[in-house]
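Number of protein chains: 2
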Amino acid sequence: MSKIACVMTDMFEDSEYTSPAKEFESGGHEVMVIGPEKGKEVTGKNEDAKVTVDLAIEDAKPEDYDALFIPGGFSPDILRADDRFVHFAKHFMDENKPVFAICHGPQLLITADVLKDRYVTGFKSIQMDLKHAGANFKDEEVVVCHNLVTSRTPDDLPAFNRESLKQLS
Amino acid sequence: MSKIACVMTDMFEDSEYTSPAKEFESGGHEVMVIGPEKGKEVTGKNEDAKVTVDLAIEDAKPEDYDALFIPGGFSPDILRADDRFVHFAKHFMDENKPVFAICHGPQLLITADVLKDRYVTGFKSIQMDLKHAGANFKDEEVVVCHNLVTSRTPDDLPAFNRESLKQLS
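Protein chains in written order, with my numbering: chain A, 3 to 171; chain B, 3 to 171.
Just to be clear, a hint being listed does not mean it is correct.
[What the hints assert, rightly or not] Here are a few chain A residues that sit away from chain B, every Cβ distance over 12 Å (derived from the structure):
1) S21
2) V33
3) D50
4) D56
5) E65
6) D79
7) Q109
8) L110
9) D115
10) D131
11) K133
12) N138
13) Q169
14) L170
[To be verified] Under the rule of at most 27 Å between Cα atoms (straight-line distance), these lysine-lysine pairs were calculated in the DSSO-like manner:
15) B/K118 / B/K140
16) B/K63 / B/K133
17) B/K140 / B/K168
18) B/K40 / B/K5
19) A/K133 / B/K40
20) B/K63 / A/K47
21) B/K140 / A/K133
22) A/K133 / B/K92
23) B/K42 / A/K92
24) A/K118 / B/K52
25) B/K126 / A/K92
26) B/K42 / B/K63
27) A/K126 / B/K168
28) A/K133 / B/K52
29) B/K168 / A/K47
30) A/K140 / B/K42
31) A/K126 / B/K5
32) B/K47 / A/K40
33) B/K40 / A/K40
34) A/K5 / A/K99
35) A/K63 / A/K126
Treat the hints as calculated values from the structure; they're not laboratory data.
Every value quoted in this text rests on a predicted model; they were computed, and no experiment measured them.
Cβ coordinates follow ideal geometry from the N, Cα and C atoms, glycine included.
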C-alpha cells in the first residue's frame with residue numbers, strides 16, 4: 003500500500019480532491035494532505051469540500067512518500083508561488099515516483115521545470131504554458147507518461163482515478 | 003482622451019481594477035468593462051468590489067478602443083480559456099496600442115502568444131510561464147516595454163497607474 007502526499011491549499015477544485023482521495027483510500031492507500039499550515043482547514047473553490055491539513059510543508063519530507071497528488075482549481079497557482087512546494091514536487095519527478103496532476107495541477111510541475119518532452123494534458127487555460135514548458139500537450143481525458151498521470155477537468159475523474167490507481171498497484 | 007477596454011470576469015483582484023479605473027477616469031479617460039455577459043455583475047476575489055459588465059465580449063470590437071487593461075487575480079486564467087478574449091487582446095499588441103497588465107494579467111497575453119522578446123513583469127506564480135513564453139522577466143514594480151506596461155502585485159499600483167497614464171497622454 004502506498005503513502006500519497008497531496009499538496010493543496012485554499013481554492014482547490016473540490017471534486018478533484020474528494021474523488022481521487024476516496025478512491026485511493028478505498029484501494030487501501032494513505033493520503034496525507036500537505037499544506038501551508040498544519041491543522042488549518044482549507045476550502046475548495048466551490049465551498050463543497052473543507053479539508054484539514056495533516057502536515058505543514060516546512061515539516062514534510064518528500065522521501066517519506068511513494069507518490070504525489072496535485073488537485074486542480076486555483077490552489078496550484080498559490081502553491082507554485084511558494085518555493086517549498088516547488089522543491090517538494092520536483093523530488094517525485096526526479097525520482098520517477100508516481101505523480102497525479104489534474105486540471106491546473108500541472109502548473110506546479112511547470113514551475114518545478116520537470117515537464118520537458120513529457121506527454122501531458124491539463125485544463126484549457128494552461129495549454130499554452132504546458133507547450134512552452136517543452137511538454138507535448140494532448141487533449142485527452144487522461145495522459146499517462148511513465149510515472150506521470152494528468153487529466154483536464156472534473157469530467158475526466160473516472161479515467162484519472164483509474165490510471166492513477168494502476169500506478170500504485 | 004482615450005477609450006480603454008478592461009477585460010474582466012469574476013475573481014479579479016479587487017484593487018487591481020478599482021485603483022487604475024479610478025485613476026484613468028480621473029484623467030478624463032473612459033473605461034469600458036468587457037466580460038462574458040453584458041449587465042452581469044462580476045465580483046472580485048476579496049469580495050470588496052462588484053462591477054457591472056458594460057459589454058459582452060461577443061459584441062466588443064477591439065478597433066473601437068485605444069488601449070487594453072487587464073486586472074489580475076484569477077480572472078485572467080478564466081478569460082484565457084475563452085478564445086474570444088485571447089483574440090481581443092491580441093489586437094492591441096499587434097497594433098501597438100497601449101496594454102496595461104498587472105499580476106496575473108499577462109497570462110492572457112501568454113495565450114495570445116505576443117510576449118516573445120518583450121520585457122515584462124508579473125506575479126511570482128507566473129514568472130516561469132512568462133520566461134517560457136519568450137519574454138524577458140524583470141522583478142520590478144513596473145516594466146514599460148514600448149506599448150506594454152506590466153506590474154506584479156497591488157503594492158505596485160502607484161507605479162503601474164503612473165506609467166499607464168503616461169502611455170495615454
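Are B/K168 and A/K47 close enough, with their CA atoms no more than 27 Å apart?
With a Cα-Cα distance of about 38 Å, the restraint between B/K168 and A/K47 is violated, given a limit of 27 Å.
Given the hint that B/K47 pairs with A/K40, test it: the Cα-Cα distance must not exceed 27 Å.
Given that 27 Å is the threshold and the Cα spacing comes to 24 Å, the pair holds.
A/E65 remote from chain B - nearest C-beta pair above 12 Å:
Non-interface label stands for A/E65: nearest chain B Cβ at 25 Å, farther than 12 Å.
Pair hint B/K140 and B/K168, alpha-carbon separation not exceeding 27 Å
20 Å, holds
Given the hinted pair B/K140 and A/K133, is their alpha-carbon gap at most 27 Å?
22 Å, holds
Agreement of A/K118 and B/K52 with the hint, judged by alpha carbon distance not exceeding 27 Å
Violated, at about 41 Å.
Restraint status (C-alpha distance of A/K126 to B/K168 at most 27 Å):
Given pair A/K126, B/K168 is violated - Cα atoms ~35 Å apart, limit 27 Å.
Closest CB of chain B to the CB of A/D79 still more than 12 Å away:
5 Å, violated
Taking the shortest Cβ-to-Cβ distance between A/D131 and chain B, state whether it exceeds 12 Å.
It is violated; A/D131 is separated from chain B by about 5 Å at its closest Cβ, not greater than 12 Å.
Just to be careful, I want the Cα atoms of A/K126 and B/K5 compared with a cutoff of 27 Å; is the pair within it?
Measuring from Cα to Cα gives roughly 31 Å; hence the hint is violated.
Beyond 12 Å on every Cβ pair: is that true for A/D50 relative to chain B?
17 Å, holds
So A/Q109 supposedly isn't at the interface. Is its beta-carbon more than 12 Å from every beta-carbon in chain B?
8 Å, violated
Violated hints, in rising order: 6, 7, 8, 9, 10, 11, 16, 19, 20, 23, 24, 27, 28, 29, 30, 31, 33 and 35; the structure is consistent with all others.
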